[in-house]
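Asks: Each chain, letter by letter, is given below.
Number of protein chains: 2
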Amino acid sequence: MTIVQDTYPASLGFPFIEGGGVTSAQGFTAAGVHAGFRANPHRLDMALVVAQEPCPTAAVFTRNAFCAAPVRASRMRLGGAIGKSYGTARAVIVNSGNANAATGDAGMEVAEGTAAVVADALDCAPDEVLVASTGVIGVPLALDPFRQGVPAATAKLSRHGGTDAAHAIMTTDTVAKECAVSFCTEGHTFTVGGMAKGSGMIMPDMATMIAVLTTDAPIQAATLHEALRRAVDASFHKVTVDSDSSTNDTCILMASGAAAPDLAPFARESEAFEAFCRALTQVCMGLARAMARDGEGASKLVTVNITGAATAADAEAAARTVANSPLVKTAIAGRDANWGRIAAALGRSGAHFDQEAVSIDIMGLPVCRGGLAQPFDEAEALRRFEQDEIVLDADLGAGAHRATMWTCDLTHDYIAINADYRS
Amino acid sequence: MTIVQDTYPASLGFPFIEGGGVTSAQGFTAAGVHAGFRANPHRLDMALVVAQEPCPTAAVFTRNAFCAAPVRASRMRLGGAIGKSYGTARAVIVNSGNANAATGDAGMEVAEGTAAVVADALDCAPDEVLVASTGVIGVPLALDPFRQGVPAATAKLSRHGGTDAAHAIMTTDTVAKECAVSFCTEGHTFTVGGMAKGSGMIMPDMATMIAVLTTDAPIQAATLHEALRRAVDASFHKVTVDSDSSTNDTCILMASGAAAPDLAPFARESEAFEAFCRALTQVCMGLARAMARDGEGASKLVTVNITGAATAADAEAAARTVANSPLVKTAIAGRDANWGRIAAALGRSGAHFDQEAVSIDIMGLPVCRGGLAQPFDEAEALRRFEQDEIVLDADLGAGAHRATMWTCDLTHDYIAINADYRS
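First to last, the sequence lines map onto chains A and B.
Per the numbering used here, the first sequence starts with residue 1, numbered consecutively.
Per the numbering used here, the second sequence starts with residue 1, numbered consecutively.
It should be emphasised that the hints constitute simulated quantities derived from the structure, not laboratory data.
For glycine and all other residues, C-beta sits at the position ideal for the given N, C-alpha and C.
Take these hints with a grain of salt, some might be off.
Claimed, not checked - Covered by chain B, according to a simulated footprint, are these stretches of chain A (three or more residues, beta-carbon under 8 angstroms):
1) 20-31
2) 36-42
3) 305-312
4) 336-347
5) 367-374
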């Protein structure tokens, strides 16, 4: 298992901090422990992220009607309304191995009990503790492992605990996902970092992603929420069809302000806020691309770029339809430059265009021009398919809008992983 | 390769005619030949279905923006407007191996040239010949094989040629798909039959289905079109997410009236018309279920029944989302009664319901009640998974609307088939 570092997108201009993660920003500590949710005693299965002080916090939660107990509990703490989740928090506790979803009133009791256990250990209010769970759906979650694990995690909390925390939230992930960037504004250096889990995100209903993000910039909760929504739209929402709709999807961002305790909070639309938004977006993109790259059974990260769309919605629909096409994804697994499948996906996406105006490139090779096959060197295409990242470009010739989506190829291993996930 | 016969749905009440197909109705002949679209000389690759006389004909075509040349050519012959395709036709010619899609003006010339070749052989007008193609996208289709194949097929035309025709339109299908039923009304016995191809229909963009249907009932073209739309909505549209949106999807229905030449055409809303609609729907369902059962790499037919939905749209959305869930489909491949994946799919479908009101059964075993796990016998579940058809029932507890969708499981073979389709 290695930590994923990503250089994309260079255009945002922030170098990733080597080894950066959820504890890179000042004012945060974290730990990952084996609490007992999983049988293997060597596998970390509970993460705790703690702010020195209660701090402004924003979150984006799933809209799934079957949403999990921890989502309901955390959403209530941050205002209760779907789409308007922000307030104050001190800690985030995450367990893996059990999603505490479809568990009814008993599940809510466990989610609330978990917050109480953490509040006891940290000597804070239970309302200041956010909870998240990931794993199998429909199985009762026990409170006992928290009773053992939380004191152990509290004792281990440190500025170096981010990587353990990132490992503790993994399910079918094959690598831990964490990154961080720094940016300078208002005469100070600020940091944004985070960790995420989610490797089953390639397909719509596999999106059980959890991300915990931290920053030491001074930002009020409502402003923080605006920044988070923008960043999530440009990153996690570009990987999954419905990152906002699995039972447990949760993305939490806490702002300690610890890098400049005396500075006034960044105002909306200020230069400082825009710099923060760019840095946050880069962190989210890094984590989102790491998820796509680590897609269940994936051998390739796939980037789908749509240009020339008549509207932003058309660009989005076209990119999403291509990125979700099992035929396109299996063709890439088979190193097959079968652009006809891309054309068919574009055609059924609902985007408006004339097929005679469409151009398609695979890894920079023109394979379709004016809606027609363009002769290309199959051997050269095979060579380019050896790259880790496969880039598909389609221009619809209908306007000036563009969109990008990330996905991965669809391989035998995807079936193997999912045919017997419970066993 | 065997012909699929299906007993579902018994409630429609028409027994399938043994060995029935596209030539079961009076007034039609058919043939299947090897014309040379495929390299293997033993593989039939061109089908011709001919009516004794020009007869009322209705069709449903793809709405894909990248629609193929034969779709454009056939749609023009039947009125030109999307969604309003009916008129008069004498013959349908179908080739497999090449979709003649994304082939530009040259592709249109070949489609028109094909109609002219058939018109020559049958001594009819080229406008009376409908064309359909299925196979790989973006490769020029040659006219020469038609010049060889059409005279050969014309010479072989017979009332017994339906099965050869059904074989000739197969691509990745593993079985030919044909069926027919008879019904009595107005003192006469009438027959509806047809053939279809399409095994890659499980996933949204794999819907390259072609169906040719015939009847000897007397029905005018506009009425025929209404019946066809109803039947397609209840059958082919319940198998694929977008059966109307691949590049080549085509469903053609011809009515010879030959079973009762002196009878007036069935009027809309007459008892005779309703009987015809039921019979047609049963034929389409038989073919649609055969497609799902023959899904690429499939080992099981999967039926998803939704009840208790608040609206018809909710029922449809819930059924479709479950049927298209790769997680549900891989779980079935793994004989895993993982109902949490069904719950998650229901939750993100957009259907309105309270999770506390949801019941889920897998093969008749209650696995979820009131949104909570229901203990069940895993060994018994495994036994029931041995059946060829897996039935999933979900009641949303929110109303009285229901919907059914058909799909198949998602296996390793799906990947193997699609990773190197072109090679």
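Asks: All hints are to be evaluated individually against the structure, with a verdict given for each.
Replies: Hint check:
1. 20-31: violated (count 0)
2. 36-42: Our answer is that it is violated, as 0 residues pass the Cβ test (under 8 angstroms) against chain B, missing three.
3. 305-312: violated (count 0)
4. 336-347: Coverage by chain B holds for the region 336-347 of chain A (10 residues, Cβ < 8 angstroms).
5. 367-374: With 5 residues in contact (Cβ-Cβ under 8 angstroms with chain B), the coverage given for the region 367-374 of chain A holds.
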